[in-house]
Amino acid sequence: MKQRVVVTGMGVITPIGTSCEAFFENALKGQSGVRAITAFNSTEEYSNIAGIVDKAVDYNTFPEIRDALMNKSRIKRFAIASTYQALSQANLFNRKELLLNCSVYVATAIADIISMEAQYLKASVRDEQYDWAKHDADLFDSNAFNFNSICEDIAASFELKKNVNTIVTGCTGGVDSVGYAYRQIQDGYDQIAIAGSVDCPITPFTVGSFSKINATSMRNDVPQKASRPFDRDRDGFVLSEGCGILILESLEHALKRGAPILAEITGYGSCNNGEHMTNINPDGEALSRAIGNALESIQVNVADIDFINLHGSSTPQNDVAESNALEIIFGDRAKSIPVTSTKSLIGHPLSASNSIEIISSICSIQSGFIHPTINLDNQDPKCKLNVITSTRKRKYEINKVLKVSSGFSGIHSALVISKYK
Amino acid sequence: MHDNGVVITGYGTISPDSSNIPKESPPSNEILVRYVNDDALLDIPRRTMKKIDRFTALSILAINKVRDMANLGESSYDSEDIGLFVGNIFAGWGYVDQFMENLYTSNELKLKALNPYIATAWFPTAAQGEVSIIHKYLGYSKTFSAGILSSGFALLHGYQQLLSKKLKAAITGGSEAVKSSIIAPHLNDYKNLVPYQEIGEGAAYLSLEKESNAIKRNANIYSRILAVTSGADYLYTVRECLNKAGVDKIDGIMINNTEVSDSILELCSGLPGNKILPKQLKMPKMNLLGGNCVYTIVNVIEYYKKSDRYLSNILITFDSGTGRNLCVILSI
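Those protein sequences? They're chains A and B, same order as listed. Heads up, the first sequence is in my numbering, so the first residue is 1 and it goes up one at a time. Heads up, the second sequence is in my numbering, so the first residue is 1 and it goes up one at a time.
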């Protein structure tokens, strides 16, 4: 028998808030977390802006987990601090007996790239060139090149004793991590798991690589206006950093221990488009298959979806493909379902974007509010969507949310999150 | 016929050939690292090689072998019914080596020195993307990184998706390429992993199908997978695997943690059908990192194929060296 799967804890580190409350409050205000990169000098011909977490995330701000955060790289501090928030909300922090059977299935697109790049420089005797990374790299972590090392550190920090497996599916990683944990619990292989995603990609190597292929916005002069999903004048995504962690449990397990139930995961689908490593076909057919699989897996009537948190990356191709995919699935209703893009606020923290967006969606289910998509001055006529842009709080009855995601390697994933009843 | 059974209908590996073994032993504090001969990569068009790292190239080559062996052509299944599950630890640093050098060549960052394919060649998801494009594998697919259990988790998840009927066929395995000045210093962390004597780059993949489907399309069956389990407690993981497999005897065991081999032998000897002790098989001496688990399974199948000792239940366990385990029971 399939198990019902619920969310019992959440934690985030984002450019607009380092707790779920602060993040969602600032999201509802339409606050942007995008600013100029100052850590290193890029070239004016390349994107030089990013969503940056200004607030310190260290043992001073999270004294309860002082030892776990001590001497850790930036990405590991983000992952451990978010996991701590989630475990605390789920009443699991320091509950060692309950964590013995907890698995870690967190995703990352490019892992601890700050430490990797800094270690390369250190080994190449270019000491003067890794100044930008000094506070955020772990120059002595020989395991930094292992993509599983962040999950291993989460497991070690909280004594999580079951499986440790990193989902490395790039920018769809957050949805895939939650979807993977959902299937593992649904099919009875796990009772409880840490899911979510983390990335800290603001390094010369990453900024340069994405700029080289014109994937990122060049609005260096107006950073906060740069991420503008569905806008006619959008010119690419804005790189960002962050983390979102969720505790997933079988309903039975959660009820037995009296855990707070924040939402239920009710559907997941994912597929390859098999067409191109970076380009997304604007017809939206492949993305619609992932959405279809997610809806079909629970036989959801398309009319039941109340709100959609889109990938909304602010790239010309993605936004049109999403609009067309929704039209394939929802028909005329695609134009009226409320949709939003969290990336308009925080930029695109690669795999971490999805888990932050899932958490934002759960906050919407709980509060009835949807955060605005900012910078939508002139909606692209090819994006035939009901994009929420107002910061005036309007209450929605939200029972089922669709979360959509696409990434390099031609992967499309979708998740259905429901109000727990 | 086991309607719910999952079978292996093809396999393929790319690993270092003997010509690449250095004549001199490495210093005692360094592990021997062996590389795939560059000639093996000539089968991939140069235009493609410009855009991909070696670990993706190795995946492409190994999966080509799997497809040939399993006769898994385009007409076998709908593209959407075939999934791809890949394991990898380090991503594609070999591709990046030269560009990193260029990026930091002077005190001023030379971002323009980067290559346009880095963004899609370097990250571990590259193999899933490139292979899915080449062979139009459009079904549910995932890439995992779990140390030397990476391809084991790929196998486990592919197996689970067949059991739950979300896919009809799955290509599962992993690959690793370590020919990079950036990665080389980090391989020594793996030198203490007994019983491996050397690290190899390479790839190993299996094709998995539901037994009923495989029989229907007259595919060769090389092994049946009776169970795959994972967990932190070694004995619990093995016990769970034995329970799920529902076997009354184990004929052979292969274990990469010699400290627990007596306990596993004892556990298997206690099965009602085990009149004699299971045969202890030797692990391959080469650790194929991200492809290690599936590489080992292929070695076991090959061993039995050569020895003509079929209808044996084989238990294989893998210890990650970080306190995690994966157990597989095959019927060959």
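A few of these clues could be false.
Unchecked claim - Here chain B is said to cover these stretches of chain A; the calculated rule only asks that three of the stretch's residues, wherever they fall, bring their Cβ under 8 angstroms from a Cβ of chain B:
1) 41-49
2) 164-170
3) 263-276
Claimed, not checked - In silico contact screen, one side only, chain B against chain A (beta carbon under 10 angstroms); selected entries:
4) Pro185
5) Leu193
6) Glu266
Hints are computed from structural coordinates only; laboratory data are not their basis. All figures in this text were calculated on a predicted structure; none of them were measured in a lab. The beta carbon of each residue, even a glycine, is placed where N, CA and C say it ideally should be.
Against the structure, the hints:
1. Requiring three or more residues with a Cβ within less than 8 angstroms of a Cβ of chain B, the coverage given for the segment 41-49 of chain A holds, as 5 such residues are present.
2. Chain B is given as covering the segment 164-170 of chain A, and this holds because 7 residues of the stretch bring a CB closer than 8 angstroms to a CB of that chain, at least three being needed.
3. As drawn, the segment 263-276 of chain A meets chain B at 8 residues by the rule of a beta-carbon pair under 8 angstroms; at three or more, the given contact holds.
4. Because the closest C-beta pair between Pro185 of chain B and chain A is about 7 angstroms apart, less than 10 angstroms, the hint holds.
5. Taking 10 angstroms as the C-beta contact cut-off toward chain A, the hint placing Leu193 of chain B at the interface is violated, the least distance being around 13 angstroms.
6. Against a cut-off of 10 angstroms between C-beta atoms, the interface hint on Glu266 of chain B is violated, since the closest Cβ of chain A lies about 24 angstroms away.
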